[in-house]
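**Q** Chain order of the listed sequences is G and E.
For the first sequence, position 498 (counting from the first letter as 1) is numbered 498 according to the numbering used here, and the numbering increases by one without interruption.
For the second sequence, position 25 (counting from the first letter as 1) is numbered 25 according to the numbering used here, and the numbering increases by one without interruption.
Hint data in this document are derived by calculation from the structure and do not stem from the laboratory.
Because the structure is a prediction, the values reported are computed rather than measured.
C-beta: ideal position from N, C-alpha, C; glycine also.
Treat the hints loosely; a few may be bogus.
[As the list claims (entries may be wrong)] Sample of chain E residues facing chain G (criterion: CB under 10 Å; computed from the structure): (1) Val-24; (2) Arg-106; (3) Thr-107; (4) Thr-109; (5) Thr-114; (6) Phe-183; (7) Val-189; (8) Gly-225.
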Amino acid sequence: MPKPYSIPGLWLLVLLLLHLGPAAAQTRITLSGTVQDATSGENLTGATVRVRELPGVGTGANAYGFYSLTVPAGTYTLEASFVGYATQARPLTVSASQRLDFKLKPSGNDLGEVVVTGRSADASISKAQMGVERLDIKQIAKVPVLFGEKDVIKTMTLLPGIKSAGEGSSGFSVRGGAVDQNLILLDEAPVYNASHLLGFFSTFNSDAIKDLTVYKGGMPAQYGGRLSSVVDIKMKDGNNQTLHGSGGIGLISSRLALEGPLVKGKGSFLVTGRRTYADVFLKLSRNETTKNSSLYFYDVNAKANYTFNDRNRLYFSGYIGRDALGLANTFGQYYGNKTATLRLNHLFSDRLFSNTSLIYSKYDYDIQILANAANFSILSKIQDFNLKQDFEFTPSTTQTLRFGVNAIHRTITPGYVSATDASTVNATADKTNYSLETAAYISHEWQAAPRLNFTTGLRLSGFSLLGPGTYSTYDAQGNVLSATTYSRGEFLKTYLRLEPRFAASYQLSEAATVKASYARNVQNVHLLSNSSTSLPTDLYVPTSFNVQPETADQVSAGYYRTLGQDQGYTLTVETYYKALGNQIDYRDGTQLRGNFDPEASLLYGKGRAYGIEFLARKDVGRLSGWVGYTLSKTERQFTEINGGAWFNARQDRTHDLSVVAIYQLNKKWTFSGTFLASTGNAVTYPAGKYQVAGQVVNLYSLRNADRLPGYRRLDLGATYEKPGQENRRFHSSWSFSIYNALGRENPYSIRFETDPNDATRTQAVQVALFRMVPSATYNFSF
Amino acid sequence: MYKKITRYFTPLLALAFLTACEKVIDLNLQTTTSQLVIEGNLADDSRPCQVTLNRSANYTDTNNFQAVSGATITLTDNAGGRETLRESATAPGQYAGATVLGVPGRTYTLRVETGGAAYVATSTLPAPVVPFDRLSTQFSAVGNRIQAVVEFNDPAGQPNSYLYRQYRNGRLNPAIFAQNDQFNDGKKVTQVLRSQGGNTSDPNDLNKLVSGDSLRVEMQNIDAGVYEYFRTLNLILTTNPAAATTPANPKSNFSGGVLGYFSAHSRRVRTIKVP
């Protein structure tokens, strides 16, 4: 069988561009370089570099802090700026291409200059890209959270269009999508199970994180593989000037981070660790079983980078996280993610930037059952080997071209039983499946007129199911019709999909822009979970003979405006309509755990989601934060459910309001608060009851026709910094927070049961998880 | 087996639920037209087939389920047996047979005709009947509760399904324990009957076993269709709030879209005094 993809075409294009480069440079001059933090050497992604004398000539530094700008010969002032940093201006006379690196100094922490965002102030106005939000870790650090554990994912769900899957859950839904339709990247490596402890905490230790960018729609063509969103989380590079440490002691966990230069100014490293210690208290128990139990999770993040010369820089990032939950001689459950990314930045020329990434990602679990001499374990994993090549070419001041290729080899081992003859159960077959996901993309960013921008992109995504493996066909009821076994190296089934991406913006004035976009996304790995809670045993299945690639077509339009002095306020209004194809649900009564043939239980249908999102942000000043409101609808349609009528998806919440406010009172105290109010999730309540097998049993009618009661929560936080630390190396602070400060009993679930006081009646009991959770954390750095 | 795993999540959930709170709330629930419920049982204990017909009620009503009288119910088997069940004169909606008895290996068809519609279910009484070897008790790993333990040898090479009902001092525990041999075909099975609750101080709590109690466990061999009914019934009876799935009505083995089941099963009983 011939290989289904070929990429020589792309390399030809690279050669062509390399050839074009010098020819074009004869009339125009290229200024290029990096923008970094002067004190730590961190890349300043998104920093603006512009020519003061040429309005409209400017660019943003890419993910690696690199910029490239083409100008005619002349005398200029080149200016680099980034929110939170003092702007740097350099007068220069240019007659030949040259490299100019900027090292920006963080602006002082004086009152009135407190900056809590890393977002470039005017990026959303001057770019065609829409549906994107960035959160800086400095901002997240001040937002109060459950148990005082800073959490980028939890804070992100306070943005409009992004909804937490439920109280205490790390899962989230973006613009009506399912929780598995989000591509969560940690330094480019996908993280398959982003939760610890059933979702009460996310896998991202905030000490290691620099920033988070979330794309809710109009994804640039370099991203693909999931329908609803891309959450791009970047780890800090580590300080390349001096050695620093930081840490914290909290209610649930303690953290320690160390960063410093490998070679001063050329290379740096960062190592962070976090571990919970609930299990330490178990040791105090007098009960032997409790004493010998384990209950903890840990995370280790490590990163190192080295700059060989102006043209080559190498990065390595790694993550290991593990949860352990065990009961002595009874049961043990261990699960976690591992990721590793090796990246090489290379400058072919001052206008052609290249990044090559080699990425590894794995999630696995191991459940050991020991009780009653059972002696068996259940093992499962999903593992990716990923090779990515990205190019960024700047042919002129008004154009940027991005293109690249990507290939992912994926292995999925659905849970299988490993047992011996002495075990109480039999071993089951290891039904590992293999697949290859490939993509090639090209994206053209073009400033067609001073006020008019276009981004046009095309992504070709391929998916191949690989041998060996046994695959079945099914009838409409899910009964197996035939099963075929394939051998190693065979391409069993290949799907090719084209994903067009388009975005346009028109700047109405200095302070206002309108934008529109269209994007198609395709997804080839699907999470089978019928629960709102992220369970470690959630199962991924690849696209196959039966499971078609999921698709999403989204159109959106928006209005963006900055207000006030220094453009301190931004107002964003975005509206979207999304059509989802080949969506997956389950037949009623499906048992997902221990199901070795889940494809037999699947139903295929479609979905639609639409809404309008309002976001008002204040990013500078003593008071900062945002107000977000979403009005939306998300529905699904399956022939076999509710008689084929459209029904509300579980995550459909009509109204969703979030308010985040941070106020710096003085140099000692900063106060913060968040308020959330939303419609309850769509759920299924009984429509009646009957008696069978000696029990009163609920009678169900239509899927998701009811609603959980509304949700409201106020969280409060305060940070105290000891005065007089400015000139000392050692700094310390205290963070206090109260989760659910109003003590409102928010519905987590509703249970229907016989009234314990009157056996002739039934009643609905609302379960709320947290009434009021106070916490305190001590933080230090040196 | 996987149900076990869910149960082991309990200590963790207990931690999460430390601050959890519950309250009874009023909800505006949907209503639906009253539906027919058929419950039919035929065991190999020399007693004839028993069928109960009643109707569903709205959720907010009291638990008075209207009996359905005047139905025509016929029971046939694949050995030529055939009879029409008769409705009890004193208990409306209760029907009983007389001549067709439960024999391992036979397949029975129950046909219920009422309100102008007919509903048909088929169930096979499994053969050979797997003996109920031993009943004992043990202390649970967490909480030191007394649990019933059932032991038997699952025959290799054939699919088997089981159902247990537990009685404390003669009173039926509503918990339904259904199990099949998907994971332990041909093994010696030691099955712990873990019931929910039992932490109350109520001495009459059916989930709580104390020393001196009379413990009776009934072990049934059931066919795959009946197992599927009880498995899906248990999905909505034992809802774990942390893994709230979309609830659905259990998969009936009756045709015609009706609630309930018809089960032809073996019945083996053991009784012990809790030590």
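**Q** It remains to establish, for every hint, whether it holds in the given structure.
**A** So, going through the hints one by one against the coordinates:
Nearest Cβ of chain G to the Cβ of Val-24 of chain E: about 5 Å, under the 10 Å cut. The hint holds. With its C-beta approaching chain G no nearer than about 23 Å, Arg-106 of chain E sits outside the 10 Å limit, and its interface hint is violated. At a threshold of 10 Å, the smallest CB-CB gap from Thr-107 of chain E to chain G is about 20 Å, leaving the interface hint violated. Checking Thr-109 of chain E against chain G: minimum C-beta separation of about 20 Å lies over 10 Å; hint violated.
Residue-level restraint check for Thr-114 of chain E is violated (minimum Cβ-Cβ distance to chain G is 15 Å; threshold 10 Å). At about 4 Å, the closest approach between the beta carbon of Phe-183 of chain E and any beta carbon in chain G falls short of 10 Å, and the interface hint on this residue holds. Here the hint on Val-189 of chain E is kept, as its CB sits about 7 Å from the closest CB of chain G, short of 10 Å. Taken as an interface hint, Gly-225 of chain E does not check out: its beta carbon lies about 13 Å from the nearest beta carbon of chain G, beyond 10 Å.
The structure shown violates the earlier hints numbered 2, 3, 4, 5 and 8.
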